[in-house]
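Taking the hints into account, I'd like the entire structure generated from these sequences.
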Amino acid sequence: MADVPDDAPEHCPGTESEAAGKSSSCQGCPNQKICASGATTAPDPAIAEIGVKMSTVKHKILVLSGKGGVGKSTFSAHLAHALAGDSTKEVALLDVDICGPSIPRIMGVEGEQVHQSGSGWSPVYVEDNLAVMSIGFLLSSPDDAVIWRGPKKNGMIKQFLRDVDWGELDYLVVDTPPGTSDEHLSLVQYLSATHVDGAVIVTTPQEVALQDVRKEIRFCQKVKLPIIGVVENMSGFVCPKCKNTSQIFPPTSGGAERMCADLDLRLLGKVPLDPRIARSCDEGKSFLTEVPDSPAAKVYQSIVQSIQDYCSNRAKEEQSNT
Amino acid sequence: MSQIQNMEQNNDGNLSQVRHVVLVLSGKGGVGKSTITTELALALRHAGKKVGILDVDLCGPSIPRMLGVGRPDVHQCDSGWVPVYTDAQKSLALMSIGFLLEDPDEAVVWRGPKKTAMIAQFVSDVAWGELDVLLVDTPPGTSDEHLAVLENLKKHRVDGAVLVTTPQAVSTGDVRREITFCKKTGVRILGIIENMSGFVCPHCSDCSNIFSKGGGEELAKLTGSTFLGSVPLDPLLSTSIEEGKDFMQSFPESATFSAISSISQTLFNSLQTA
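Sequence order for the protein chains is L and Z.
Counting from 1, one number per residue, gives the positions in the first sequence under this note's numbering.
Counting from 323, one number per residue, gives the positions in the second sequence under this note's numbering.
One thing to keep in mind: the hints can contain errors.
[Claimed, not checked] Taking lysine to aspartate or glutamate pairs in the DMTMM-like style, the calculated list, with each CA pair at most 20 Å apart, reads:
1) Z/K477 - L/E10
2) Z/K505 - L/D144
3) Z/K476 - L/E10
4) L/K224 - Z/D427
5) Z/K412 - Z/D400
6) L/K224 - L/D264
7) Z/K506 - L/D144
8) L/K285 - L/E127
9) L/K53 - L/D163
10) L/K89 - L/D128
11) Z/K477 - Z/D454
12) L/K222 - Z/D427
13) L/K89 - L/E168
14) L/K243 - Z/D528
15) L/K270 - L/D293
16) L/K222 - Z/D425
17) Z/K506 - L/D143
18) Z/K535 - L/D282
19) Z/K543 - L/D282
20) L/K222 - Z/E424
21) L/K224 - Z/E428
22) Z/K476 - Z/D454
23) Z/K505 - L/D143
24) L/K53 - L/D165
25) Z/K543 - L/D144
26) Z/K543 - L/D143
27) Z/K412 - Z/D395
28) Z/K535 - L/E283
29) L/K152 - Z/E473
30) Z/K505 - Z/E540
31) L/K58 - L/E168
32) L/K298 - L/E257
[Claimed, not checked] Pulled from the structure, derived: some chain Z residues nowhere near chain L, Cβ distances all over 10 Å:
33) S338
34) S576
35) T595
[As the list claims (entries may be wrong)] Some but not every residue of chain L turned toward chain Z, in silico, with C-beta under 8 Å:
36) S102
37) R105
38) P151
39) R214
40) T252
These aren't lab readings, by the way, just hints derived from the structure by calculation.
Ideal placement from N, C-alpha and C gives every residue a C-beta, glycine not left out.
Right, dumping it as structure tokens:
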């Protein structure tokens, strides 16, 4: 059922909103009585269904920012590649950036199609143990724009979580768009019957980025989503010719380091700028495989290790609690 | 009924003295829409124009910091919100959701319908007065905010949109979708600006293409759009933006200044001749 019915007035707050049926915009709407009765705010059955579906996924990690263009997709893709580097682990990467799905290109599977079967949608496999799902695979042309309002985007996210045949997974990494809006709320809502290990927050060093990232951190705290830690991307540039470092995105307010100290969060690592990262992403290759000895790759590997340790510690705690 | 009529009057009233409206779009986050919006506004102001900026990025309103206006109170007059002016001459006006938040770290966690309603208010209820150009800074994507801006501006003329990209394919891939959005919604594409276009090391002058190369021009060719120009990566620009300083005034000798001036001139000329 759509969150905003077709016959709703222009500023319908949404049938699942607390203001449903009660706001001034609801006057005169044919659905007003139903909404005001609270029937539409009953929990979506999909939440329980997703809870069951996700029970075969051991660890779920969300990659968030608040700010666009800090490297969420780049980081999510490389996290997935690194986790799948252990061939005994099953890894999946879910791209819920409905308007700007970058993951298919970054993973080198642009243009692939998804298929439906009795057990649901089959994701696209990059490696035997690494699966990807994105709206990008459902678009027929690279020029296709997904011009959807919130409720329709929410519906897609619900389908991704409920209807994709992920199978048994060790890790599900979820890449998100920037902001604190429909996609983020829906993700948290639909995953509420399951346990999410936590969120990795990506930022760049400048205050213009941190300003937005602090809001994302507030969002996580509001919805009780644990924060695994913060990754500072684009942290300095070493000129390949003269080897001097330039701070292209200057940490005028102390960068992620200061923010983490202020907010008592873990700084997982600082990844320097490296032109080969952008090139790898454009070419759909893993930077970690292409340039494994670069300073950036080494920082990535250390960050991934910290995330793996966090997940396994959390699993041990859970076991000892039950 | 009369409330709607009043709002329509306000719509016409508040934008009737705005000569040109330009949307600044991307599709991709973090390419520098807000930075470019700010610098174009400053460049146009230095060229003697009266400029306004409408910041409809509800989740990440960056413009107030970039213009160094802090967190002023916003007031209402008979015709609506009074915009915040960055100078005594009132040559640069700004309205941003950032001004309405009590706590700058407070997240605006709103779903589409509420964002749509807020943007409607912004567009129709700001008493802009007389402006040569109103630049509208948007969040990345093709969703509620973008549809809301267009729906509410359609009573007034929208000259068109400039699209900002970085050189990488991952960026132009998203901007192609934004171009489709423009075509579908009847927004004229005034041109493409390529930001973060190479970095010249201040120590040895070697140029590094940190975010790849050439994507902006390729995109313009592919889609039949005008290529307005490229802006290099410049730590002096990043620092100015961070500190809310006027880069266009402080660094008139820089390559970045030339790039932005040239783009703003080309853009303004195309607005005049349309």
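Quick rundown of the hints versus the structure:
no. : hint            : verdict
1   : Z/K477 - L/E10  : holds, 17 Å
2   : Z/K505 - L/D144 : holds, 11 Å
3   : Z/K476 - L/E10  : holds, 16 Å
4   : L/K224 - Z/D427 : holds, 17 Å
5   : Z/K412 - Z/D400 : holds, 19 Å
6   : L/K224 - L/D264 : holds, 16 Å
7   : Z/K506 - L/D144 : holds, 11 Å
8   : L/K285 - L/E127 : holds, 12 Å
9   : L/K53 - L/D163  : holds, 9 Å
10  : L/K89 - L/D128  : holds, 10 Å
11  : Z/K477 - Z/D454 : holds, 18 Å
12  : L/K222 - Z/D427 : holds, 13 Å
13  : L/K89 - L/E168  : holds, 10 Å
14  : L/K243 - Z/D528 : holds, 11 Å
15  : L/K270 - L/D293 : holds, 16 Å
16  : L/K222 - Z/D425 : holds, 15 Å
17  : Z/K506 - L/D143 : holds, 12 Å
18  : Z/K535 - L/D282 : holds, 11 Å
19  : Z/K543 - L/D282 : holds, 19 Å
20  : L/K222 - Z/E424 : holds, 17 Å
21  : L/K224 - Z/E428 : holds, 16 Å
22  : Z/K476 - Z/D454 : holds, 18 Å
23  : Z/K505 - L/D143 : holds, 11 Å
24  : L/K53 - L/D165  : holds, 9 Å
25  : Z/K543 - L/D144 : holds, 18 Å
26  : Z/K543 - L/D143 : holds, 14 Å
27  : Z/K412 - Z/D395 : holds, 17 Å
28  : Z/K535 - L/E283 : holds, 13 Å
29  : L/K152 - Z/E473 : holds, 19 Å
30  : Z/K505 - Z/E540 : holds, 18 Å
31  : L/K58 - L/E168  : holds, 8 Å
32  : L/K298 - L/E257 : holds, 19 Å
33  : S338            : holds, 23 Å
34  : S576            : holds, 15 Å
35  : T595            : holds, 28 Å
36  : S102            : holds, 5 Å
37  : R105            : holds, 6 Å
38  : P151            : holds, 7 Å
39  : R214            : holds, 4 Å
40  : T252            : holds, 4 Å
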